[in-house]
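Fit chain B to the supplied structure of chain A, relying on the hints for placement.
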Amino acid sequence: MSEPVMGWVVCRPRAARRVALLATALSLFGAVVLSTAVQAASDTTAPAVFAIESPKAAKGLMIDVVHAGKRLVAVGDRGHILYSDDQGSTWTQAKVPTRQLLTAVFFTDDKQGWAVGHDAQILASTDGGATWAVQYQDLKREAPLLDIWFKDASHGLAVGAYGALIETTDGGKTWEDVSDRLDNEDQFHLNAIARIKDAGLFIVGEQGSMFRSSDDGQTWEKLEGPYEGSLFGVISTAQPQTLLAYGLRGNLYRSTDFGSTWEQVELNAARGALEFGLSGATLLDDGALVVVGNGGSVVVSHDDGLTFSVFNRPDRISLSAVTAAGNGNLILVGQGGVRVAKPTGAELEKQ
Amino acid sequence: MSSHHNDKATFLERLIFNNRPAVIVICLLVSIFLFWQATLIRPSTSFEKMIPLKHPFIEKMMEHRNDLANLGNTVRISVEAKDGDIFTKEYMETLRQINDEVFYISGVDRSGLKSLWSPSVRWTEVTEEGFAGGEVIPQSYNGSPQSLDQLRNNVLKSGQVGRLVANDFKSSIVDIPLLEAYPDPQDQGKLLALDYQKFSHELEDKIRTKFQEQNPNVQIHIVGFAKKVGDLIDGLIMVVLFFGVAFVITLVLLLWFTNCLRSTIAVLSTTLVAVVWQLGLMHFFGFGLDPYSMLVPFLIFAIGISHGVQKINGIALQSSEADNALTAARRTFRQLFLPGMIAILADAVGFITLLIIDIGVIRELAIGASIGVAVIVFTNLILLPVAISYAGISARAIARSKKDANREHPFWRLLSNFASPKVAPISIALALVAFGGGLWYSQNLKIGDLDQGAPELRPDSRYNKDNNFIISNYSTSSDVLVVMVKTKAEGCSRYEAMAPIDQLMWKMQNTEGVQSAISLVTVSKQMIKGMNEGNLKWETLSRNPDVLNNSIARADGLYNNNCSLAPVLVFLNDHKAETLDRAVHAVQDFARENNKDGLEFILAAGNAGIEAATNEVIKESELIILILVYLCVATMCMITFRSWAATLCIVLPLVLTSVLGNALMAFMGIGVKVATLPVVALGVGIGVDYGIYIYSRLESFLRAGLPLQEAYYQTLKSTGKAVLFTGLCLAIGVCTWIFSAIKFQADMGLMLTFMLLWNMFGALWLLPALARFLIKPEKLAGQKGNSLFAH
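Protein chains in written order, with UniProt numbering: chain A, 1 to 351; chain B, 1 to 791.
Excised from the complex, chain B in its bound form:
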């Protein structure tokens, strides 16, 4: 079985193995520098990186960003009374203390802070003399039953039910606008940027924990972009823990596999070096760690281990023949460097195709992963054999591998039946059925995020529970599509603009999946009604420009400074792709009919607008990515093996995996989204390794003149264990993500685990069956062949 390597050393091999100390020293120096770089890397969550900046929706949103500013960054704390309603002395006192406490948290825009205790929250009513009004909680409030009764009346008259006060009067909200940058308390001249994580922790400690302990009858719910980002960063940090878990499991498996502490340490440490280099280089090139690129180190670790295992396996096999560790390492290098390179190139090609997706985080993931696999060439294909050439492999491990090489393996013998003429047709038939079934079921696959609430976090996370509480108790929805209505300066309050806006709102409200819509027209109608003594007969737009101008005076945030842009906020039931599509199409139809000089209806802002844009980009990219990645992988195989049959044997099992992966996503209710789109490319890119390793061995045994089934048995005996182990390593590396608090990381983990395991299975099961039909062993036998591996 060791018959097919020759002893002629290549230039590269001589360069490396004749200068082993230099290789070690250079790697050490590079590692020190990159380790220093890696320690500087910081978690960064940039909003802009997660969205397709080139999409017209997003371009328009960015263009009008300043005009939409005050729609933005607020946190809402809902204080719930567990027993009874909010009209008790104790509840109101806790609410007052929370209001005061929030006031002093850094980053809060104090002037905009709003709760029942704010003087700006007023009630109004129409009397014979005119409008009357006052603070909802008057100066005379003292907590007595009378003043609580008065408070209840004031709340009813304030119009805050459904906004600051829950529809069931069992909770009320503290509304906190945030400043992205606020003056440093020490040095008023300096501006500090809002630290979302710190802010989120302060809310937890100073508000939630403190007041829930102080008043056991209240429950606190917090929602808002800042809180969500804070929770995401916390989730990121937990991922480091997963890395530790994956590391320990891998260590144990490696020990079991190699039976040798020295080589285990060698593989683990060179792989860690790869991870450090990758992180260092990421920072060196100016990237941070976001929730997506956070996963690259796991991938690199897993890929590094799998190549290391191939190397160790090879060296152990060689050691049984070679006199010393150096010779064994050199021979292994000679034998495995090329397939290793090809496999890594295939990985890199898979990653690089992701660059065509116009979303920052995916591009960074692609760049990070490509850098990572490039690094593996140095660490695991070069540094590892050099290191082993010094350290050697334990005698016990060599003895075992010697024994393994000679004894009969019933398990591999059994598996080799996959190549038998009886089993192969059944396998092919089964695969066809699975392919057809998968294809049929994956019709249910949806685009976009399918869960309620913040899709980044798990549906049962505290944030999403809080969010559900607020959605169900207040008249608001968390999925908002914003249509920007652009007019000439001072044009937004003209009847010619407001009447069409009103029409648009009604059209949207009549669109399935839309809950409600608000804009300056909503405020205007209410004000006009108010100016007419609350008479419903006046609740409509006036043609009188003065009346209209006056009516929007208090519609803060619903038009910009020079009245040239007015957002229409469309609240949706959910953010499923069909809901977004319907809403977007309704707006586009309306815009086509009503856009004219000086009046434009522009899509889109709001979280639903961003998601609609993202979905469009993903829908466009999905097929392209799939075609590209398969084209690249197939080309790689063609170059390597110069054979259609070989290419089909390797690629077809991957296609089955992709189809079944889609079916699994449909079954699990995971949509195609920013997080799951890369999985296709990653899965195929990494999955092709198995096929390349197995087929290259199989071919060499066929050339040696063995019949197919026997050749496959020999292949399994030599690399089967390594392939099996590789599959496990990769799966373990990514499956820890399934437990991530961040929903999309969990989805990625689940899908990658499935694809990596199934790719391995496909390579072991389907590849030999296909070979039975596609390859004529008698043609190959004795031939030198023209593949890259034929020396």
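Looking at chain A on its own, in the form it has when it is part of the complex:
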């Protein structure tokens, strides 16, 4: 079982808005004097600063990876967007007009795609991820968007920190803040949004918060989740109404009724229960589910999420997202960039 927590436990700053308090406390140590003047970064349109093209981009922090048709597209640190047309063997860096950390990417087909990131930026591509343009940004938020979903070429939703929910109905030309559609008084972070098969949209977030919508995001219902800790992601299985939600410390829950009731799925690693946070997942063509997370965790299910086999990569790097390479292998992204792995998550053997 989980090992006893020894030593000290301090109150977790649930979100950055509460950090000010903690900062004051920490400044008693004398190291930092708080500057009180909040200088909002200017919103005026400066000439676009493009991400630096670098051979090291593929080795830097990468956060999300998806398919645009057959092409793989990954996003990450410093405005790096990479694409690969050979199942992840080689990657090309796209032309991207930002240097901010990008947190999620979504493609509706092999051409149309959107990416979100810090400074509440939304970027769009119409050529399968080769070039990008900024559609939206909001520096005053001082907060990132964390996930994005599109129904079709025109209607999409993005979620983010402090309960941000914004919507477009014109393919991203204009975006509207619709956060008040959610019953989220504490402004918990919204970490992920996904469409569940034959059901609707599902959002998970900080402190176990869950919301669902059956009308493509017009109205939302708040759910009492099974878990107090933060959930980092949600994914539909191949079965109708069936989904997985996952988060801190190896917590993985399964629902077969669009989130009305939940059951915890036990993840057992070599040395006891998996203790690492889970951050990304994918549904493979054969219905298998792969969830990845910190500590090099790769957990795989072949029974729609009822049971999982757990593998921890020896390199123990933190993984953020996973997708199919297209040839049976997996593409893993996270610390140390993009890498191709065997279906178990293990490193490919060198030829």
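FYI, nobody ran anything at the bench for these hints, they're computed from the structure. Note that the coordinates shown come from a computational prediction; the quantities given were computed from them, not determined experimentally. Beta carbons are placed, not taken as given, at the ideal position from N, Cα and C, and that holds for glycine.
Stretch by stretch, here's where chain A covers chain B in the computed footprint (C-beta under 8 angstroms, at least three residues):
(1) 498-511
(2) 534-545
Cross-link-like lysine-lysine pairs, in silico, BS3-like; alpha carbons within 25 angstroms at most:
(3) Lys-157/B / Lys-114/B
(4) Lys-60/B / Lys-507/B
(5) Lys-56/A / Lys-529/B
(6) Lys-197/A / Lys-111/A
(7) Lys-197/A / Lys-70/A
(8) Lys-60/B / Lys-488/B
(9) Lys-95/A / Lys-111/A
(10) Lys-170/B / Lys-114/B
(11) Lys-59/A / Lys-507/B
(12) Lys-446/B / Lys-619/B
(13) Lys-70/A / Lys-111/A
(14) Lys-529/B / Lys-59/A
(15) Lys-114/B / Lys-82/B
(16) Lys-140/A / Lys-529/B
(17) Lys-157/B / Lys-89/B
(18) Lys-89/B / Lys-170/B
(19) Lys-82/B / Lys-170/B
(20) Lys-95/A / Lys-507/B
(21) Lys-56/A / Lys-507/B
(22) Lys-507/B / Lys-596/B
(23) Lys-157/B / Lys-59/A
Using the frame of chain A, we list chain B on its own:
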């Protein structure tokens, strides 16, 4: 052959030889005083003397020294488990004992001491309730398999892998910050300065030897500035041994050469007097002995011996004609004082040109060596003939020199062919080929230190092996370039400063030769991620000033007290000149684009920053030194011989030596650096002696009307042996350094040995060949000439 001296005594000669007792007494008194001074001289290794203080990089580093203080002086002990990994009861017990032992060594900053056993080394993790954490080795640890298992888990969660614990879990580190000055245990009010040598020995005895004996399964590796300096001082002391070796070899050679114990002792003791005077004067003028000036006594010894040999050779030759020792000594003095003075002046001029290099140790070397050669004027040009005038030379030696003067010498006869019209063109052609080849090959010559690790020590020294062990097993590099980022007070944590720092770090990481870069931004991103439950999506700078302020709270040492200076540490693959150049240029480009009011990117600190500055100074000085030293030497020759031809005959062989010396350095993989730059000046300065001695004789024989080849034969017969011997003496004096534990001393020894031997060879081989083309013997014959040697 003794035809060309006259018997008119100069004023100087009368002054000295009419007051011989006074000369002896004065020298004795001065020697006593300076011997006392010399005994007070101490090894000193000042960091500041080894770096170009006037270089802008170094000026900036010194300006911000206090703000960078805690980047500084630490020693790291890596304890390796030879079998298995660190998670065994025995290993952890040894580690605990080492940790405790280190705690009580004087000079250790106990509050900062860090190992797996330190309570300050903790693990943290994010739980539903918040951050959880604890000591990596909890109170409940008892060495049982369960607690070792728990330890392994804690280590993984502590983020210390690659820092305190090796990447392969086969070793861990005890990190020891040092205090430059610490309270005296006897008297708490008094501060003692850290004695690097003593500290280094304590680490050897109390840690390495003791624990490797106690637990045969551990191997101990120690690195850090203090350890390196300790090893350097130990290496210095070994040099004294080399002096003994050089002394004994010289003694044997001298006996063989002079065949006379009395004159051997006279030469050795007057030369030792010169060394004592030089050391005494160094101390008198307030200098210490550093690893560079340590070599001056060797040089002085060698130069002194070589002049002494010329004197003894002269006196022996004169003795065969003169009635007594005094007359022989007086005649020799008359004959050799002037060429001796000229040669010594040439040496001094060579040394003095080194003063233009803005690096303390080189300047002290120049001053020390100049004082030394000045001293030789008194000891070997004045005291030695006076001493010999009392002691005389053994009858056997005189008899031999008489016999030598008359018999035919097949060896010298053979060598005199270098001046023949048939051999000379071949020699010149060969020399041209060698010159061209040398010039071509020396294009490969690099600036700076080329070896891995601590360049001061040998690549296979224990320190460098330890260093390699740590570099290859931990995520660190020993070559660090520090960029100082200066902001307004409290400005270093603002987004406007941190975002550009982040950009700089990425630019550097994309520069060839850079491994990684860290700064407060690195810590900030990790903290922001940590505050957001370890979610990678937050691993970036926030625009929120409170979040940023909070995030750097634990970035100790990565910003100064008032948050106006933040260092960016750039770790490099190596310290080759190209690597440093690329990194420095990348920073300079970035600074040009991004410097603005309240945000400045300043170069440089860190060992790589210092080396980059040193390389720049050396690159600038290299050509200037070469031009200056040749200009000076050529001027000296012009003044002495009043002849272009003579000057060319003497200087051109030296030029060939310099070119071949550069090629040799390129071939041996020795870079142009603080240690090898002076060699050029020293080599040329000392090398010109041979040319002056040989040419002055050759000229006098030509004036006597001999044809060139015969004149050269006579020259060789009279001074050839002395020149050959001089070359050997000098080479022996410096070649013992090749065995020094200190790498740069070995490099200097190798290069000087080569240059001194090759200069001798060049003077014997090339000078007559050049003379064949440049000098018209029929013009000189019978002329009185206008050189200084023409009386």
